[in-house]
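Q: Residue numbers (the numbering used here), protein chains in the order written: chain A, -10 to 229; chain B, 109 to 359.
Derived from the structure by calculation, the hints contain no laboratory data.
Glycine is no exception: its CB is placed at the ideal position from the N, C-alpha and C atoms.
Take the hints with a grain of salt, since some may be wrong.
[Said to hold, decoys possible] Partner residues are not named here, just some residues of chain B that face chain A (Cβ under 7 Å, in silico):
| no. | residue |
| --- | --- |
| 1 | I154 |
| 2 | P235 |
| 3 | P237 |
| 4 | L353 |
| 5 | A355 |
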Amino acid sequence: MSEKTLKEALESNNLIILVGLCSVRYEGRAASRLGWGERLVIIKNDKSVLVHRPTGYEPVNWQPPNSRIEIEMGQEGLKLVVRRRSERLDVSFSGTPKMYIFSLSDDAQFEMYATEDEMKSAVLLQPDIVEPGFKPFAEERQVFRSGRIDLMGRDREGRLVILELKKARASREDIIQLQKYASSIERELGEKPRTIVAAPSISSKASSVCRQLGVEFRCLTPRMCSEILRRSRGLDRFTF
Amino acid sequence: MSFRMKLPTADFFADIVKAISSVVDEGTFIVDENAIRLTSMDPAHISLVSFELQKSAAEEYVCEKPIEISVSIAELLKFLRRAGREALTLEYDEEKRRLALIFADQAGGKIRTFTLNALETTTGKTPIPNLSFEASCRLNAAAFYEAVSDATLVSDYTRITISSDAVTLSSKGDLGTHQTRLAKGGTVVYSIETEREVSATFSLTYLDKIVSSSKSLSDEIGLALSNNKPIKLSFPIPSGKLEFLIAPRIE
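Hey, can you work out the whole structure from these sequences and the hints?
A: Here you go:
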């Protein structure tokens, strides 16, 4: 594959992979030098550049999208100069590296589902997902010796509610823990709270413990919460 | 044939669809006896496009009954990119669910026809943000585009401020800053209407994509803004409107 093909691929915003013996020099926010070694250089469609060594998941050197990339064939081999603002990354190959060119298309949205903390934020944004009329008033409420309650609030009849959020299937231990919180709160405030565990699903053992202890289960998935959070960041929060 | 619209110039409609494509890959045109409309949000619900073209823009306009035409905007744009100095007729066959694009060069006696299969209408009605704006201005579109492009050199977001005497874009990145001040009284600011200074911060990814895709439509761009609320960008088009909303960045 020639230097001309490589330059054309670069102009067409193709994804380019170069594999070969190279040395790397970087100057910019810091300075680094990496001696000769066999490495993988990836130039992505958006002109971000990654230099990978044969081990480890992180690149040893990298430049973000929209970098200016120059390719030249010197006497010793192919040379890559990547510039961005005051930064400069030089990759010098010994000879011509192996080159692979791809035209890749990927428009999918990356969806990372919510953590328990984010599930809590989603409930705070839209408490109705637990039940209509639920009004949370405290988060991470400390309970004597037994830990912290994810959310505490009142239902539409004014009854105290303690809510435990789980991003995975609720277990028997989760229900017992919640019941301990409830007992602590009842001792402290003299008011017996309703207890709700909100999780994507519940194990059969946990379900039977729920019935014995009067703990309620609500189906709430990290995906539902992600959707609420996603919408809260965009135009949807202005639609009502 | 349940809908037919003949526009004197194909590239005008091509520019509109290019602008719409900066927000959505798929969209539903809602057509009735008076106008063709499209309102849609991007998948992340950060930006919204609202387009309307009255029948007065067309040389010929026939709509037997209100219909919805869902198409791949990317595919539609592919055909429209082939537009030259030709007339364009859009024809929709509801039974076959097929949209025809007919490019006609009258002088040359050349007619080119493309057809595009419609998609299933899957999305419900797009929720429209309920907004009122405290400040508005009209600017030279090229000057605003230049300011947005400049901002992308230093950051991923920019703060837009409208005061009674200027419109300012300011950005701050790890390594530097940018500011463009477009002052009232100069040739690039056509008007500013505001009682007080308002500002909000926006993603440059969305702003740059929308402004760069729409700048060929009009020499003028309208901005409407309130503190930390979405911004409305409007591009005046004959017998219609093309507006965008972008949600503010959460500070």
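Q: Among all the numbered hints in the text so far, which are the ones the structure does not match?
A: none
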